[in-house]
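> Please put together the full structure from these sequences, using the hints given.
So the chains spell out like this:
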Amino acid sequence: MATGDLALGQEQGAISTQERVVNNFSINVATVNGSGSQSANSVLLKSIFGMGVPVSGKNLFPSNIAGLPTWYIIRASKDGYVARTREIEFLVALNPETAKSDVMALPAGAVAIYEENANLKQFRDDIFCYPVPFDKITAAVCPEAKLRKLVKNMVYVGVVAQLLSIDLGVVEASVKKQFAKKQKVFDLNFGAVKAGFDFAQEKLVKQDPFVIEKMNQTAGKIIIDGNAACGMGAVFAGVTVVAWYPITPSTSLIEATTDLLKKYRVTPEGKATFAVVQAEDELAAIGMVLGAGWAGARSMTSTSGPGISLMGEFAGLGYYAEIPGVIFDVQRTGPSTGMPTRTQQSDLLSTAFLSHGDTKHVLLLPGSVKECFEFGYEAFNLAERLQTPIFVLTDLDLGMNNWMSEPFAYPEKPLDRGKVLSKEELDKLGGFARYKDVDGDAIGYRTLPGTKHSKAAYFTRGSGHNSSAGYTEKPDEYQEVMERLSRKFDNARKLVPAPVVIKNGTSRVGFLAFGTTDFALGESLDQIKKEYNKDVDYMRIRAYPFAHEIHDFVASHERVYVVEQNRDAQLQSLLKLDLPADQVVKLRSILNYNGLPIDARTITEEFATKEGL
Amino acid sequence: MATQTPSPAPAPGPKINRIGLPIIDYRGGKSTLCAGCGHNAISERIIDAMYEMGVEPERVMKMSGIGCSSKSPAYFMSRSHSFNSVHGRMPSVSTGAILANHTNMLLGVSGDGDTASIGVGQFVHMMRRNLPMIYIIEDNGVYGLTKGQFSATADLGSKLKTGVINDLPAIDTCALAIQLGATFVGRSFSGDKKQLLSMLKAAIAHKGTVMLDVISPCVTFNDHEGSTKSYKFMQDHDEPVNEVGFVASFEDIEVDYDSGQVYEVEMHDGSSLRLRKLQEDYDPTNRANAVKTLMEAEANHEVLTGVFYIDTEKPTFTDQLNMVDEPLATLPESLTRPPKETLDQLMKALQ
Chain A
17 MATGDLALGQ EQGAISTQER VVNNFSINVA TVNGSGSQSA NSVLLKSIFG MGVPVSGKNL
77 FPSNIAGLPT WYIIRASKDG YVARTREIEF LVALNPETAK SDVMALPAGA VAIYEENANL
137 KQFRDDIFCY PVPFDKITAA VCPEAKLRKL VKNMVYVGVV AQLLSIDLGV VEASVKKQFA
197 KKQKVFDLNF GAVKAGFDFA QEKLVKQDPF VIEKMNQTAG KIIIDGNAAC GMGAVFAGVT
257 VVAWYPITPS TSLIEATTDL LKKYRVTPEG KATFAVVQAE DELAAIGMVL GAGWAGARSM
317 TSTSGPGISL MGEFAGLGYY AEIPGVIFDV QRTGPSTGMP TRTQQSDLLS TAFLSHGDTK
377 HVLLLPGSVK ECFEFGYEAF NLAERLQTPI FVLTDLDLGM NNWMSEPFAY PEKPLDRGKV
437 LSKEELDKLG GFARYKDVDG DAIGYRTLPG TKHSKAAYFT RGSGHNSSAG YTEKPDEYQE
497 VMERLSRKFD NARKLVPAPV VIKNGTSRVG FLAFGTTDFA LGESLDQIKK EYNKDVDYMR
557 IRAYPFAHEI HDFVASHERV YVVEQNRDAQ LQSLLKLDLP ADQVVKLRSI LNYNGLPIDA
617 RTITEEFATK EGL
Chain B
127 MATQTPSPAP APGPKINRIG LPIIDYRGGK STLCAGCGHN AISERIIDAM YEMGVEPERV
187 MKMSGIGCSS KSPAYFMSRS HSFNSVHGRM PSVSTGAILA NHTNMLLGVS GDGDTASIGV
247 GQFVHMMRRN LPMIYIIEDN GVYGLTKGQF SATADLGSKL KTGVINDLPA IDTCALAIQL
307 GATFVGRSFS GDKKQLLSML KAAIAHKGTV MLDVISPCVT FNDHEGSTKS YKFMQDHDEP
367 VNEVGFVASF EDIEVDYDSG QVYEVEMHDG SSLRLRKLQE DYDPTNRANA VKTLMEAEAN
427 HEVLTGVFYI DTEKPTFTDQ LNMVDEPLAT LPESLTRPPK ETLDQLMKAL Q
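Chains as they are written, first to last, in my numbering: chain A, 17 to 629; chain B, 127 to 477.
In case anyone wonders, no lab produced these hints; they're calculated from the structure.
Note that the Cβ used here is the ideal one computed from N, Cα and C, for glycine as well.
Only true hints are included.
Footprint (simulated), chain A over chain B, 3 or more residues, beta carbon under 8 angstroms:
1. 198 to 209
2. 214 to 225
3. 247 to 256
4. 450 to 458
5. 465 to 473
See the structure below:
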């Protein structure tokens, strides 16, 4: 009986009345994948958001369709921290398979909510236990047996909401939003929330210190995942051709893009201003992107590590024949198949030099959902300006998880379609040489097939060519093109997103990082300040090739810690190739590559050890 | 009375086609292939067909992969954009290009290695999509640039110059294309000017994937005794299933023919493809029979040529995508970038 168990909490004299923990803890919902807990988790996340409390959600899921353990971790943080934390204080243990280990992992003083017959309290006497008869409650509100598995998830939302003092009205609004316009579905789901809430109110006595209190930190903010933000960026960049092959964790980027295209890019006559093709593999996807880019479309694909590997040969063609295209790489844990549903920042080196020969690529490295949107559209401008494939590297953590953000700003600048000669311009010029550096910026002019001018055509090839696009095996002609390509790449340093100085004071020590490492590093800076009274400078890198500010940052510090989420210190390796020899020795590494997003504590501890603090 | 001196007749201008272009506007650079290579003859027929059909050169996108065949787009139609891509990947690049601008026309030249070995994956999927494209395989059964290894279209039992015998069956690209959904499939021989020219003109008039396997002997590595892709072998074994006649929509030619002896196919642009029956009741609209006929011919060591299959009704890949009439490549920003209000709406929904 639930009430009996409540007494247990009171009997546990070991746990004295603690100070309340307000808006500063993580919730772990442990379920089985395929059980439909995603909507419930989303409602819980958005309810905390609705309470005005900064929140983030992480889905730790298996590479499987149904039946394996999955965890959804919600972090509420009054200080606005969104990184993963090592310790989780509030557990909803609904997966019998992992229940014991989930409970064992809790710190003392944590909370466990579980199906009453699981009897998890036998394993720990230093936590707060709330057994709940989920199946009974669910059966009472959901007569249809086959829906019960799904509806049960909403029951825990109600229980958690009541225990954490989340306003039921806020939860109701979140459920309403989740099931927009489907009244019946709403009724069923909110009924379950209410039943859970009522049960907790009537039968559970609050013992633990965790509460959510109203704040005003989320007003005007949005919640979105990085993949949807990238897709939105592409749509507002006017993408016209999308070719792709399904792969975790990038598939939802294409799905989001396609949904937006279908909604906002169809003419009143019902005609599409876009084409989306599910290709036969990643080789074909990148081939289509380059064919479309060559013929003048704004084209893109999205993939992850294994797809990047397959795209290698074409990436070199795009670089050498100078064809625009945008490739989103939502990085996952490698090498090989690796752990497809875990995160990593380990495609940096392979993407920067993707393909054989002297090939190098421009990489954009967004560090937030807002930058996913911004770089998502800027990538298309850069691709056409620089006439080259542009790679946007996010990762599973950013791409597939929900993040709070300022709303995205509309890109006011007109699209930059790059140097394309029209018929009229050809009339004036009388002709052109495709790969000639006319303007001194190492970028030639191109024409599009279909341009109605007898001198518009040129021959595109991945074989040796001269500045007029003619076939060549002549040493000087070949080298001239290669040198110009190198100058063009060097010029890109000034065109790509500049690094962001998070902090640059008087410290002799600095941090360099990119992408999602920022979430943990920002928190770690505060920990280092608080615990060691030490200020450390920090610059966040947002693109390759590296802007000169990055060289200056390294030059102005004695030691620079490069924090990244891969084993081989890939960002540091790229920096070493770029920096003068006397600067290279300043670089140190802090690495995390176990598949889980890096957390602040790991950085702080390793920094303290290495610095001898 | 003044004597009238007859004024000299005006010098005849250069011969021009229906859009006012002389044939020189369809020519390309000088071929660097071997003298006598079948590919050069195919380039000549492409030039003739494009000229005679009055295709605007600027509308044509010449595509290729890698190999001797794939070099050949440099040797015809210099006024057309050309894309010599990577080995076996011409189909995907072509797909992207036609999506960007579906008012252009795709002409692809591949080889048997480029198509049937390294490129068979993309070939298969392109056929499946019925992409509007003329896909020509210049088929000589060997890899030329790497000095004469067998390709996957080499016939079982055929012999290399080195004496090596091929002990694997050939991939019949025509049977494959028909089975997969290509809508105009035929085989010809680089040495048969008349048949190849008619087939190419009909190909230009067709809407959908045209897959033409053109036997094109390699004079350096596969034109010897024991080869099944030599000039001699083709002269001895070429068995046309039909005699290909083509009357373009703009031609005013009335030909009497016995309808019992000829399959007449009305093409998408109003042209007429007339296939005179040479083999007993060969029906080029029957897919299953087309594949059966090809398989039987293979068993009998015959090389069938002619138009094996045609379907003028099936929607193309670009039709199915329901795109606007204008090329996607040049749509104005007003049509491709949603307005600020749209982003505001989206942001509101995410709050």
